[in-house]
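Work the whole structure out from these sequences, hints included.
Protein chains in written order, with the numbering used here: chain A, 1 to 501; chain B, 1 to 486.
Check the hints yourself; a few may be wrong.
[What the hints assert, rightly or not] Part of the chain A face toward chain B, derived, beta carbon under 7 Å:
(1) P42
(2) Y85
(3) P90
(4) K91
(5) Y93
(6) F294
[Said to hold, decoys possible] Computed list of lysine-lysine pairs in DSS-like fashion (alpha-carbon distance at most 27 Å, straight line):
(7) K497(A) to K465(A)
(8) K385(A) to K145(A)
(9) K82(A) to K378(B)
(10) K82(A) to K375(B)
(11) K480(A) to K203(A)
(12) K465(A) to K455(A)
(13) K145(A) to K203(A)
(14) K82(A) to K285(A)
(15) K455(A) to K497(A)
(16) K78(A) to K375(B)
(17) K485(A) to K497(A)
(18) K231(A) to K285(A)
(19) K264(A) to K145(A)
(20) K82(A) to K354(B)
(21) K78(A) to K378(B)
Worth flagging that the hints you see were computed from the coordinates, not collected in a lab. Only a predicted model underlies this, so the values are computations on that prediction, with no experimental measurement involved. Ideal Cβ placement from N, Cα and C applies to all residues, glycine included.
Chain residues, written in single-letter form:
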Amino acid sequence: MAEFVARPIIGLEIHVQLATRTKMFCGCPLEFGAPPNSRVCPVCGGLPGALPVINRQAFEYAVRTALALNCRIAALTKWDRKSYYYPDLPKNYQISQYDLPLGSDGRFEISAAEVGDAAGAESTSTAGTRAVRIRRAHLEEDAGKNTHEGLDHTRVDLNRAGTPLLEIVTEPDLANADETYAFCVELQRLVRHLGVSEADMQKGHMRFEPNVNVAITFEGREYRTPISEIKNLNSFRHVHDAVAYEIRRQVAAWEADRDYTLDKLGKMNFGWDDVRGVTEFQRGKEEAHDYRYFPDPDLTPVTVDDAWLNELRGGLCELPLTRVSRYVEQHGLSRVDADNLAADRASAELFDAAVAAGADGRTLARQFLSFWAAEANRRQGTIAKLGVDPAHMADLARLVHEGLINATTAAGVASMLIERRQSPTVIVEAEGMLQVRDEGAMERWINEAIAANPKAWADAKGIPKKAQAALGFIRGQVMKLSAGKADPRMVGELLEKKLRE
Amino acid sequence: MTTPPADNFKQWSIPPESSAAQAIDAALARIGQHDSAVHAFLDVWSHDARRRAAEIDARRAHGDDAEPLAGMPIAVKDNICTRNGRTTCASRILENYRSPFDAHVIERLEAAGAVIVGKTNLDEFAMGSSTEHSAFGPTRNPWNPACVPGGSSGGSAAAVAARMVPAALGSDTGGSIRQPAAFCGVTGLKPTYGRVSRYGLVAFGSSLDQIGPLAADARGVAAILRAIAGRDPRDSTSVEEPVPDYVAELDKPLAPKRIGIPREYFGAGLDGEVRAAVEEAVAVFERLGARRVEVSLPHTDDSLPVYYLISSAEASSNLARFDGVHYGHRTAHPADYIDVYSGSREEGFGAEVKRRIMLGTYALSSGYYDAYYLKALKVRTLIRDEFLRAFEACDLLACPTSPFPPFRLGERTEDPLSMYLADAYTFGANLAGVPAISLPCGFTASGLPIGLQLMGPHFSEARLLRAAHAYQRETDWHTRVPPGMA
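Encoded structure:
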């Protein structure tokens, strides 16, 4: 068979559960794991005569997120009913937003560093990020939950019915499974950063529906495979695996049958069987619903004014990926390090506070990613939760940066800081930890180390192959004799000088 | 046993010498006497009403101030949710439905001391103009049992006409308070959209529905409206607008100086006796000092199709929840899961409800939405604008409530379109969202009541009631009681 070029086209629909105290249109509390149907009232239960009332907090969370996604915020948004019959949908319509979503035409930067799939030949910006266009973002209510028991029994739990969901729809800008995965991870980080969702995958707070098809160029013609919408994925790995599988499956289906195209077959729905690692056909375009959208007469449209938007914009703070880029530029960190630093918002804010208090960014970053991270892990928390004063962190970084103590000493001081809440300068002076930079003392330790290890010293001087290792050994001995207090850089310099003598 | 006289309820709060218990007993006695012939009630709460009355009397005995409606017996249309008894909407599908909550209007009435004595009959889900489309049998017009009481609030209107209760609640989506008020010779008001909370009203056409009072006269209507009007945070469409003391406002001088006569409401299709009675009523206003102004509402003919598209579209969605899955009637032996829905709905809904659901579903379907629903919304805006323009030229509009007097049972059930025409003059107020009142203005030669409709700008209920009250001081149509029911 002749060569062909396959280019996957992937878009995402994501549902994010907002972390409001109560439901979207009633006062029922949002509680995970409550007994079935114990968090239901006439409104979310869809009883006759009940009417919905908008949860202002949910609306604010949604607008905040849409702003962070660089969406245009509609000055007027309305609510629409989406009709379909299903046992978990008590009114048999869902309140959603159809033609006037609260957010549209946005863009979201994802880290291109996480992209590395062979199929992808995408362009990335110099900042190491890549923009994915956001088509729309709108609010809607969740349905309840059906539990099927055998063939003829279904139980319905309406606790989840009416939960506020933010639906985000991207343009088909994603090029492969890795990039799709990266988008999902970055979005999770964003909504957590904004505090609008716990984004706990175990609790179904984020659900993904990738739309996948492939443009195949063959003998000067372009073929498009049918679009598969893979329903209801609730783990990043499932997203990755389902997209990767679907790309392979569609290409294979096209290879077997040139009529396997979008024109002929349209859009189809699939489920993901994680155990077998395959997608499963659910329904084709003939069975597509007519949702009969129309404006919900029970709810008045919401007008959004600029003053409020500006207030929300002001409260957004620096977004995670912007912070990563800033760390790379400002402190000369690698993207991976910057990414790790920015992973937890509170800890990143602590880092910024310590830098503001005078710490050298690179030194502080090294300390954050080494001993501060270790201390946090030991306590199963974040660095921010250690409760260390950023001024003390800055002081500790300065002591290392200025060569007054070495990294090993600094790690010891760090664990003391957590308990003592004293300034590191006070601690190292009180404990006699300051590095020795006195040339006389240094000279004595070096001579002693050479005298005790004449073989190594000979190797360092005369055998090029062994010189590096031997010198390192001697340096180690000097540090040992100084009880770790000798300034390693001075030791190195003095040893070099001695070699040349 | 002798039935208490019809004028038992002249006073809107209990006269000092009588008691709530006496008022309730009198209402229950008249219901017992007349309702077997009229069938205004689907359920009578004898026990609970008496218990409530006793509580009110006990409070008064303690010297507590009487609430404004203390001991007043009230009937409630059965599409308004009550914790007590059933809320059936006169439908098989909700035959045994019990609401876990009271509608906002029920809370307000009870807080004002009123006592609900029962739930009244209606066209199923308020869809109809004759109360013949009730799953539990029709209500008859107290003025002539061979005639319909109008609808859909036929039970409430008949209960007031027969003086079983001094007042009742109805709901009005396209004329369902005013047209039965006209047919039964009582006074009925559809408030401004948003004036009264819809919380607890089983929705039919949500953008048109309003709850409103029916009573013998404007004073009764004002007393009930004062209790139920006002913003309710549970209904997003209810409006933050001060509620005047409608009763105190009644006796202010008649403010409306210009009475608008919309020419389209006096054209072909208007019954001659109705026309004469309405013209005579307008003459009464002229004698009271008002000036007659000719106005035009050119889209009047469009209001019927626009109304049926919008109300049916909304109804098709509002009634989707009645599916046999969560509550209500469920078919006995469904073949499969789809059949739970289709079977339950097939058995549970009557023909008229199904007709509207089909019409509404069609109007909202992809490919038809723009041509029907969207277009209807646009014409609705034109109609609303047209009303607002008319109210620049006049203070009130006066016209017939219905083009014809009460018709005989069965006369129009075979021809839905001829039935729909009964509301041709009432759709406009719902589409425009303005308040409108119907009050008795005469009788046909065969003794059937005729209604005058007054419409005003948004939130002009006080003006409408004042005009109605001024008219009723000059006339005695509203004091007449059906033969044999005095």
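How the hints compare with the structure:
Hint status for P42(A): holds, given a least beta-carbon distance of 6 Å to chain B, under 7 Å. The beta carbon of Y85(A) comes within 6 Å of a beta carbon in chain B, closer than 7 Å, and the hint placing it at the interface holds. For P90(A), the suggested interface contact is upheld, since its CB lies about 6 Å from the closest CB of chain B, less than 7 Å. Checking K91(A) against chain B by beta carbon gives a least distance of about 5 Å; that is within 7 Å, so the hint holds.
Contact between Y93(A) and chain B, as hinted, is supported at the beta carbon level, the nearest pair being about 6 Å apart and thus within 7 Å. For F294(A), the interface hint holds, since its Cβ comes within 7 Å of a Cβ in chain B; the closest pair sits about 5 Å apart. Simply put, K497(A) and K465(A) have alpha-carbon atoms about 20 Å apart, close enough for the 27 Å limit, and the pair holds. For the suggested pair K385(A) and K145(A), the alpha carbons sit about 36 Å apart, so the restraint of at most 27 Å is broken.
Of the supplied pair hints, the one linking K82(A) and K378(B) holds, its CA atoms being roughly 21 Å apart against a limit of 27 Å. About 20 Å separates the Cα atoms of K82(A) and K375(B), which keeps this hinted pair within 27 Å; it holds. For a cut-off of 27 Å, the pair hint linking K480(A) to K203(A) is broken: about 53 Å separates their Cα positions. Restraint check for K465(A) and K455(A): satisfied, since their Cα atoms lie roughly 14 Å apart, inside the 27 Å limit.
For the given pair, K145(A) sits about 13 Å from K203(A) by alpha-carbon distance, which is consistent with the 27 Å threshold. Taking the CA atoms of K82(A) and K285(A), the gap is near 18 Å; set against the 27 Å cutoff, the hint holds. Restraint check for K455(A) and K497(A): satisfied, since their Cα atoms lie roughly 19 Å apart, inside the 27 Å limit. Among the hinted pairs, K78(A) with K375(B) is consistent with the structure: their alpha-carbon atoms are about 19 Å apart, no more than 27 Å.
Restraint check for K485(A) and K497(A): the C-alpha separation of about 20 Å stays at or below 27 Å, so the hint holds. In summary, the hint linking K231(A) to K285(A) is supported, as the alpha carbons are separated by about 15 Å, within the 27 Å threshold. Among the hinted pairs, K264(A) with K145(A) is inconsistent with the structure: their alpha-carbon atoms are about 35 Å apart, more than 27 Å. Under the criterion of a C-alpha separation no larger than 27 Å, the hint pairing K82(A) with K354(B) is consistent with the structure, at around 20 Å.
The straight-line distance between the Cα atoms of K78(A) and K378(B) is roughly 17 Å, inside the 27 Å bound, and the hint therefore holds.
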